[in-house]
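Undergrad: Each chain, written out:
Number of protein chains: 2
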Amino acid sequence: MTVSTITAPATPVTRSHCLALDRDDPLASKRAEFELPDGIIYLDGNSLGCLPKGVAERVGAAVREQWGADLITSWNKHDWFTLPGRIGDRIGTLIGAPAGTVVTADTISVNLFKLVAAALRLRPGRRIILSDTGNFPTDLYIAEGVLGMTGQHELKLVAPEAVASAIDESVALVMLTEVDYATGRRHDMRDITRRAHEAGALVLWDLAHSAGAIPVDLEAAGADLAVGCTYKYLNGGPGAPAFLYVRRDLQEALASPLSGWWGHAEPFAFTTRYRPAAGITRQQCGTQPMLSMIALDAALDAYDRVDMGALYAKAQRLAGIFIGEIEWRCGGFGLTLAGPRDLDRRGSQVSFHCPEGYAVMQALIAHGVVGDFRAPDKIRFGLTPLYTRFVDVFDAAVILEKVMAGRLWERPEFRLRSAVT
Amino acid sequence: MTVSTITAPATPVTRSHCLALDRDDPLASKRAEFELPDGIIYLDGNSLGCLPKGVAERVGAAVREQWGADLITSWNKHDWFTLPGRIGDRIGTLIGAPAGTVVTADTISVNLFKLVAAALRLRPGRRIILSDTGNFPTDLYIAEGVLGMTGQHELKLVAPEAVASAIDESVALVMLTEVDYATGRRHDMRDITRRAHEAGALVLWDLAHSAGAIPVDLEAAGADLAVGCTYKYLNGGPGAPAFLYVRRDLQEALASPLSGWWGHAEPFAFTTRYRPAAGITRQQCGTQPMLSMIALDAALDAYDRVDMGALYAKAQRLAGIFIGEIEWRCGGFGLTLAGPRDLDRRGSQVSFHCPEGYAVMQALIAHGVVGDFRAPDKIRFGLTPLYTRFVDVFDAAVILEKVMAGRLWERPEFRLRSAVT
Chain A
1 MTVSTITAPA TPVTRSHCLA LDRDDPLASK RAEFELPDGI IYLDGNSLGC
51 LPKGVAERVG AAVREQWGAD LITSWNKHDW FTLPGRIGDR IGTLIGAPAG
101 TVVTADTISV NLFKLVAAAL RLRPGRRIIL SDTGNFPTDL YIAEGVLGMT
151 GQHELKLVAP EAVASAIDES VALVMLTEVD YATGRRHDMR DITRRAHEAG
201 ALVLWDLAHS AGAIPVDLEA AGADLAVGCT YKYLNGGPGA PAFLYVRRDL
251 QEALASPLSG WWGHAEPFAF TTRYRPAAGI TRQQCGTQPM LSMIALDAAL
301 DAYDRVDMGA LYAKAQRLAG IFIGEIEWRC GGFGLTLAGP RDLDRRGSQV
351 SFHCPEGYAV MQALIAHGVV GDFRAPDKIR FGLTPLYTRF VDVFDAAVIL
401 EKVMAGRLWE RPEFRLRSAV T
Chain B
1001 MTVSTITAPA TPVTRSHCLA LDRDDPLASK RAEFELPDGI IYLDGNSLGC
1051 LPKGVAERVG AAVREQWGAD LITSWNKHDW FTLPGRIGDR IGTLIGAPAG
1101 TVVTADTISV NLFKLVAAAL RLRPGRRIIL SDTGNFPTDL YIAEGVLGMT
1151 GQHELKLVAP EAVASAIDES VALVMLTEVD YATGRRHDMR DITRRAHEAG
1201 ALVLWDLAHS AGAIPVDLEA AGADLAVGCT YKYLNGGPGA PAFLYVRRDL
1251 QEALASPLSG WWGHAEPFAF TTRYRPAAGI TRQQCGTQPM LSMIALDAAL
1301 DAYDRVDMGA LYAKAQRLAG IFIGEIEWRC GGFGLTLAGP RDLDRRGSQV
1351 SFHCPEGYAV MQALIAHGVV GDFRAPDKIR FGLTPLYTRF VDVFDAAVIL
1401 EKVMAGRLWE RPEFRLRSAV T
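Heads up: the sequence lines are chains A and B, in that order.
Mapping of the first sequence onto our numbering: residues 1 to 421, in sequence order.
Mapping of the second sequence onto our numbering: residues 1001 to 1421, in sequence order.
Think of the hints as simulated: they come from the structure by calculation, not from any bench.
Predicted, not measured: the structure shown is a model, and the values here were computed from it.
Yeah, the Cβ is synthetic: ideal placement off N, Cα and C, and Gly gets one too.
A few of these clues could be false.
Claimed, not checked - Derived Cβ-Cβ restraints for the label pairs, each shown as a range:
(1) B/A1220 with A/P355: 52 to 60 Å
(2) B/T1082 with A/E413: 20 to 28 Å
(3) B/H1197 with A/Q152: 43 to 51 Å
(4) A/E266 with B/R1415: 16 to 24 Å
(5) B/A1220 with A/V158: 26 to 34 Å
(6) B/T1082 with A/N76: 44 to 52 Å
(7) B/E1266 with A/Q152: 28 to 36 Å
(8) B/G1331 with A/A265: 33 to 41 Å
(9) B/D1304 with A/E413: 32 to 40 Å
(10) B/T1093 with A/E266: 33 to 41 Å
Unchecked claim - Derived BS3-like pairs (lysine-lysine); straight-line CA-CA distance at most 30 Å:
(11) B/K1402 with A/K53
(12) A/K77 with B/K1156
(13) A/K30 with A/K53
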């Protein structure tokens, strides 16, 4: 592929400065814990996290030794039965959730259904689920599904910045994604939770782009409910089971409509009537996919002894350099930053509004930088500090400049849309 | 362990006869396609199927080459996006379901919730979900969960033999498990479906103990809805994703309350309103656990070119010998057959009411025969003809006789209950 020759402009930082930052990075050694793809700069760990070393071996052993050799006895012998709760506790340490308040199960969508439906029952007489237009679409779709069954509620959507002022005593549940999947904008969890509680509403936080990315303290914020994803920053593998959180003092009052046998007080008594288990266990429903669950458990080793504050500090520094370079190099091509400029109000990803963004991202991928496109016009980059270096974001910005300056995205093959991007 | 010396009685069959049956078995070669545990007779494939050869390699390659190397591009490059539907079509060939009517996703419990809630909307004004006391408990629990949300319906339970006569015009949905998990008793799918349709009701079949075990022809029976399990007879691995079936002409009318983005007509348009996809795809909800999904896809190779009629014929012959031997050898110890004696009215498993059944099963496992116990009093054995030999069921009966005759189950260690059996 022919790339236009460009003269390097004076830029906010230099490549050698980035190399120096990498040398001084206290998290630099974590990169060696991942199997990273050859020859590309992967900035899509907010969509599918990279493969931690050790996972392949653990999964292989689980297939051969647990499933293959020990078969049904593995439910006890290898503690499959307790794994969803044990993984939940591990994730809990990353999001400020005490032991016994998180369980790993199902998908975010399914877990949202459980919690939204259950939360509405705790606020009889209140009609409104309040969310914002920046929420991830499936969260809104699931709320629609709940409303369709209750026939008594309404989903109210406001702009993200209008959420706090829209909370009043008609609101049963405030349902938000903390970090906007498209822009990286971050809600103020403490402030919104406090305002919701003052109005007597419950709050449910979707941590899909928070868990493993930014410091979260559910307990300190007083959050009622949360869900989250394990295949993005937590590197659990494609479609790894999601998690959910219920504040301890709400657990016994919260009745999941997905009242399956794994949430029963005595699943192996095989009684005909449902009786929910104590604690977070009642939020389980059916038998979980153990191979994917075991991969997730192995993957979480990469987060052992990681300080989330230090991780986020690196993410912000990566973002600062990346934003600066892109604006310097590509601002003239119509790229503008999505979301706030204040790094404290952002998660760990960066998006730009970009004319012809779909084709630009395809061209960028073809030139070795993997991000993704989010309709209608954003090119999106996940900065995952466990394995992303400062020099990576610098080089990515240089390559994006080449793509823009050379109009490399104009080739027809970059404009054909595939099913998933 | 000391085993009482017993004189072999004259029995219905001989071991050498069983060895001869194995030599003549047209399915005998399938056994070589499985990694079977050493030194035990595994009669619990109706709880967790054995590991097919080739699965470990396929899963290992998926971890390293798809997740590890190709990362996010695997959704297109390795067709992850279409895998739930493609596996659904493969399962469809085993249960008489045309292409495009089955999808693999979530758990049986979650899929039941989708279909029960959606079915009730198709029969407004009818209050009753009819099921039987032999249904698997989670099916009943999930129905309870749906009822708790609609506030307008009632779950009516009758004895299995009373189902047909209990169908009347108050019934919105008949919800049954075709083969009783505890006794092996099999409902007459065609007859009950016909009666339900005559009364204007819909029918949902749980095929957990049918798929891969007995011939099922959903289309010929006119079944409306079905769910099923892939980790039992289909050997998909622990907690492998479940499947669901919707008759083609019902698909566009059926609105899942679990309206997640994977069921959206344009999931990557990221619109704020839900618009269901066409066909069976709308029954998907969230991102599926791909490692477990890929294991299932590989495992299904063992069913390629298997004639379900021939498989069931072997299952019945295995059951005939096993029942005959156990009754002959152990009838004097109080064991009595659960479920019907007519093999055409049974699935592919055999249970016996057994005094001290829990301890008996623990002792039996300790002596190398793995079945399971189902409360309150049944010892249960899955006869999975792809890898179970005639000599296996003969030997298992001989060992059970030793356990009963020697009262080997009386040891204290066999009476301690663990969490899962």
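Undergrad: It remains to establish, for every hint, whether it holds in the given structure.
TA: Verification of the supplied hints:
no., hint, in the structure
1, B/A1220 with A/P355: 52 to 60 Å, "holds, 56 Å"
2, B/T1082 with A/E413: 20 to 28 Å, "holds, 21 Å"
3, B/H1197 with A/Q152: 43 to 51 Å, "violated, 33 Å"
4, A/E266 with B/R1415: 16 to 24 Å, "holds, 18 Å"
5, B/A1220 with A/V158: 26 to 34 Å, "violated, 53 Å"
6, B/T1082 with A/N76: 44 to 52 Å, "violated, 37 Å"
7, B/E1266 with A/Q152: 28 to 36 Å, "holds, 29 Å"
8, B/G1331 with A/A265: 33 to 41 Å, "holds, 36 Å"
9, B/D1304 with A/E413: 32 to 40 Å, "holds, 36 Å"
10, B/T1093 with A/E266: 33 to 41 Å, "holds, 38 Å"
11, B/K1402 with A/K53, "violated, 49 Å"
12, A/K77 with B/K1156, "violated, 39 Å"
13, A/K30 with A/K53, "holds, 11 Å"
Hint violations for this structure: numbers 3, 5, 6, 11, 12, all remaining hints satisfied.
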